[in-house]
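Chain by chain, the residues:
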Amino acid sequence: MDALTLSRAQFGFTIAFHYIFPPLSIGLGLCLVAFEGFYLSTGKKLYLEIARFYTRIFGLIFAMGVATGIVMEFQFGTNWSSYSRFVGDVFGSALAAEGIFAFFLESGFLGLLLFGWDRIKPGTHFFATLMVCLGAHFSAIWIVVANSWQQTPAGYHLVGQPGGAIRAEVTDFWQVIFNPSTLDRLWHVFMGGWQAGSFAVLSVSAYFLLKKKNIEFAQTALKIALVIAAVASLLQLFSGHESAKVVSFTQPAKLAAYEGHYTTGPAPLYLFGWVDEKNSQTHGVSIPGLLSYLVTGSTDAPVTGLDAFTPDKRPPINFVFQTYHAMVAIGMTLIAVAWFGLFLWWRGLLWKTRWFLWVLVFSVLLPQAANQLGWFSAEVGRQPYIVYNLMKTSDALSKTVKAGEILTSIILFGFIYLLLGVLFIYLLNDKIQHGLHMKEEKGHRA
Amino acid sequence: MNFDWQTLWFVLVGILFMGYALLDGFDLGVGALHLLVKTDTERRIFINSIGPIWDGNEVWLVTGGGALFAAFPEAYATVFSGFYLAFMLLLVALIFRAVAIEFRSKQPMKWWRQFWDVSFSVSSIVSSLLIGIAMGNLVWGIPLGADHEYAGTFLGLLKPYPLLLGFTTLALFTMHGSIFIVLKTEGALQKKLKGWVKNTMIFFILCYVITTLATLIFIPRMLTTLQQQPFLFIVPVFNVLAIANIPRNISRGRGWGAFLSSCATLFFLMALLGIGLYPNMVFSNPAPENSLTIYNAASSVATLKIMSLMAAIGLPLILSYTVSIYWVFRGKVKLDSHSY
Chain A
0 MDALTLSRAQ FGFTIAFHYI FPPLSIGLGL CLVAFEGFYL STGKKLYLEI ARFYTRIFGL
60 IFAMGVATGI VMEFQFGTNW SSYSRFVGDV FGSALAAEGI FAFFLESGFL GLLLFGWDRI
120 KPGTHFFATL MVCLGAHFSA IWIVVANSWQ QTPAGYHLVG QPGGAIRAEV TDFWQVIFNP
180 STLDRLWHVF MGGWQAGSFA VLSVSAYFLL KKKNIEFAQT ALKIALVIAA VASLLQLFSG
240 HESAKVVSFT QPAKLAAYEG HYTTGPAPLY LFGWVDEKNS QTHGVSIPGL LSYLVTGSTD
300 APVTGLDAFT PDKRPPINFV FQTYHAMVAI GMTLIAVAWF GLFLWWRGLL WKTRWFLWVL
360 VFSVLLPQAA NQLGWFSAEV GRQPYIVYNL MKTSDALSKT VKAGEILTSI ILFGFIYLLL
420 GVLFIYLLND KIQHGLHMKE EKGHRA
Chain B
0 MNFDWQTLWF VLVGILFMGY ALLDGFDLGV GALHLLVKTD TERRIFINSI GPIWDGNEVW
60 LVTGGGALFA AFPEAYATVF SGFYLAFMLL LVALIFRAVA IEFRSKQPMK WWRQFWDVSF
120 SVSSIVSSLL IGIAMGNLVW GIPLGADHEY AGTFLGLLKP YPLLLGFTTL ALFTMHGSIF
180 IVLKTEGALQ KKLKGWVKNT MIFFILCYVI TTLATLIFIP RMLTTLQQQP FLFIVPVFNV
240 LAIANIPRNI SRGRGWGAFL SSCATLFFLM ALLGIGLYPN MVFSNPAPEN SLTIYNAASS
300 VATLKIMSLM AAIGLPLILS YTVSIYWVFR GKVKLDSHSY
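Each protein sequence line maps, in turn, to chains A and B.
In terms of numbering that gives the first Met the number 0, the first sequence is residues 0 to 445.
In terms of numbering that gives the first Met the number 0, the second sequence is residues 0 to 339.
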């Protein structure tokens with residue numbers, strides 16, 4: 000395998016593993032704020048127990064996020080140094096801003112969140128929780144700014160350098176930040192995070208209820224998480240719609256790949272299907288004119304098809320089609336699950352409907368899958384470019400790094416992440432099983 | 000020496016890495032010494048002495064990396080791709096270190112704790128060495144091509160001088176960590192640790208003297224800026240005074256005085272490094288004409304100005320919460336139900 004394939008594989012696999020954790024931090028952070036907020040306003044000890052229990056889980060998730068996140072900060076330089084030289088002037092400042100405005104806030108207050116329960120007043124502790132939650136959101140802001148600039152570059156010009164190289168330099172920083180796709184994608188990422196966090200709480204709570212453990216504890220947490228899940232899932236539908244609309248005019252090749260839309264003209268929306276890339280055909284069940292309607296408001300308006308792009312400027316179509324459709328299908332399922340849950344709660348049936356509680360137990364995997372699939376379709380859909388229409392991914396590599404070195408690091412990270420993944424699941428399970436009654440245990444077990 | 004935006008950012012990136020050395024330096028040092036205490040309680044005290052703060056300390060490195068990317072993308076690209084395998088090793092060490100702290104006390108099994116104790120300590124030692132070796136290479140110079148790409152090999156990074164700096168950094172962090180852990184402990188454990196401080200101090204001073212001599216003999220260019228700006232000679236002078244102040248404070252039993260002197264030592268050493276390198280970011284050896292300086296490696300002035308605004312807003316915030324969090328967790332380590 001060549002350095003390009005290996006470097007893409009390495010980036011894809013390290014970021015995918017990393018991205019299990021940040022959405023959980025975002026969403027669980029919000030849940031923690033809610034739990035602790037209820038404790039402060041009602042003074043009921045139960046809310047405090049819930050907050051403490053999920054704080055311990057949050058600590059584990061956060062540590063995994065930090066450990067796997069350092070890799071990302073360095074990887075642009077190690078594996079993509081030509082890219083770094085080209086975009087550093089624009090892209091680097093977003094990463095630096097993430098450090099300055101998000102990471103310090105997050106990890107600083109995390110210490111108080113985890114270890115400060117008995118050292119600071121409840122109000123101060125709540126403030127620390129709020130800051131950690133904000134920090135997680137800020138972090139997403141800067142990463143989405145940086146990535147959106149790769150999708151829809153704005154606020155820059157190209158400048159020749161003394162050595163003959165060309166690079167992008169900032170002309171208008173606000174345009175860099177609020178480039179055409181930033182806001183919709185940011186909202187999409189936030190909601191994905193809220194879903195990840197709230198469905199995690201739903202899953203744990205439903206499990207307790209099925210095992211008839213910690214009943215009141217589980218019911219209270221479940222109700223709060225269900226409201227967050229229902230709101231986030233519905234908002235996610237709108238943010239997804241808005242995002243796709245932006246893609247339709249900023250990255251038409253990507254939208255065409257999302258829907259396997261070959262011929263410019265009125266476009267159907269596929270519920271599911273298969274793209275035959277050899278014969279440039281898409282097979283499946285579709286609703287005629289719906290894609291046209293969704294992006295333009297009229298069923299017979301033309302939508303740019305893949306025929307407007309020569310094959311070397313198209314992303315891998317079936318891959319993008321499938322990941323995108325799977326993400327949308329999961330998104331719809333999450334709306335159904337959350338709102339059906341609300342319905343059962345309203346009818347007073349929620350605690351008795353055991354099959355639905357089982358659905359909730361496993362529902363934790365769905366937002367995770369959707370988040371991953373969404374990123375795969377967004378990033379692979381941008382190919383063959385690393386910065387849309389400006390720089391090809393194949394020109395972005397580090398010139399000095401050899402394929403063998405990359406392979407070595409992939410094997411290294413592969414082994415370590417496998418180990419970490421297994422241990423994470425093991426410890427997470429242990430915390431869920433025993434976490435509520437872990438007080439003072441460590442000393443005795445030591 | 001003109002004071003311009005590039006110089007400002009050279010200083011600011013330097014401050015971020017200095018913050019990292021000062022803060023993560025002691026928790027890496029605590030890690031390096033970790034296996035030398037044997038009982039579970041002692042090891043938990045070690046880990047919990049840095050428990051609430053190590054994560055924030057490491058952010059200085061991440062932000063330093065981000066700031067380097069933003070302000071000097073050419074230097075970031077050259078160094079990170081040129082030191083590929085070394086940085087991969089550093090990443091592995093930092094990953095293991097982070098999860099070792101988090102995982103260690105979560106299970107009671109002896110083998111489990113032993114495994115993470117070893118991981119924590121080895122990764123702390125390896126991180127310190129690699130950071131020192133990377134700095135050593137910047138001082139010694141690395142071969143760069145006309146396109147600013149690294150033209151050497153992985154083994155080429157392991158020359159004697161960079162290795163020497165690796166050990167000096169390890170010694171420095173270990174001393175810094177041992178002084179810190181004395182502040183966080185009490186009773187018999189503290190008494191034992193006080194004995195260690197002397198050893199780490201001797202180890203560091205020995206390394207320091209050798210490194211200084213080696214630099215003066217083999218890399219006279221590190222003195223160029225000092226010779227041009229004689230007032231800067233106060234930096235090496237203060238550096239020596241700070242080092243001398245450590246044993247003085249220790250012999251009088253002033254733990255805090257020793258810790259602050261150790262911080263000052265790190266501060267002045269990093270300042271010396273910056274003064275020595277200036278105006279180079281990555282010195283090319285051989286072919287010095289290919290060196291990356293703060294001018295040919297920098298982002299546009301427009302970007303540096305935007306970043307300066309961010310730093311002006313961000314740094315006071317960062318300092319205020321760093322100080323308040325250290326304040327909350329001041330005092331001796333007390334193990335409780337929230338501890339690691």
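Quick caveat, the hints were computed from the structure, so don't treat them as lab data.
A virtual CB, placed ideally from N, CA and C, is assigned to each residue, including glycine.
You may find that some hints are simply not true.
[Stated by the list, open to error] A few chain A residues facing chain B, derived, Cβ under 8 Å:
(1) Glu48
(2) Val65
(3) Ala66
(4) Glu72
(5) Gly76
(6) Thr77
(7) Ser92
(8) Gly98
(9) Phe100
(10) Leu109
(11) Leu111
(12) Gly159
(13) Pro161
(14) Leu411
(15) Gly413
Do the hints match the structure? See the list:
1. For Glu48 of chain A, the interface hint is violated, the least distance from its beta-carbon to any beta-carbon of chain B being 13 Å, above 8 Å.
2. Taking 8 Å as the C-beta cut-off, the interface hint given for Val65 of chain A holds, the closest approach to chain B being about 6 Å.
3. Interface restraint check for Ala66 of chain A: the shortest CB-CB distance to chain B comes to about 4 Å, inside 8 Å, so the restraint holds.
4. Annotation: Glu72 of chain A was flagged as interfacial toward chain B, and the flag holds, the nearest CB pair being 5 Å apart, inside 8 Å.
5. Nearest Cβ of chain B to the Cβ of Gly76 of chain A: about 3 Å, under the 8 Å cut. The hint holds.
6. About 5 Å separates the beta-carbon of Thr77 of chain A from the nearest beta-carbon of chain B, less than 8 Å, and the hint is met.
7. This hint holds: Ser92 of chain A has a C-beta 4 Å from the nearest C-beta of chain B, less than the 8 Å allowed.
8. A distance limit of 8 Å between C-beta atoms decides the matter here; for Gly98 of chain A the minimum to chain B is near 3 Å, and the interface restraint holds.
9. Given the 8 Å rule on beta carbons, the hint for Phe100 of chain A holds: about 6 Å separates it from the nearest Cβ of chain B.
10. Interface restraint check: Leu109 of chain A against chain B, minimum CB-CB distance 6 Å, threshold 8 Å, status holds.
11. For Leu111 of chain A, the shortest C-beta to C-beta distance to chain B is roughly 6 Å, which falls under 8 Å, so the interface hint holds.
12. Hint on Gly159 of chain A is violated. Least Cβ distance to chain B is approximately 13 Å, over the 8 Å limit.
13. Satisfaction of the interface hint for Pro161 of chain A is found here, the shortest Cβ-Cβ separation to chain B being roughly 7 Å, below the 8 Å cut-off.
14. Taken as an interface hint, Leu411 of chain A checks out: its beta carbon lies about 6 Å from the nearest beta carbon of chain B, inside 8 Å.
15. For the restraint placing Gly413 of chain A at the interface with chain B, the shortest Cβ-Cβ distance is roughly 12 Å, beyond the 8 Å limit, so the hint is violated.
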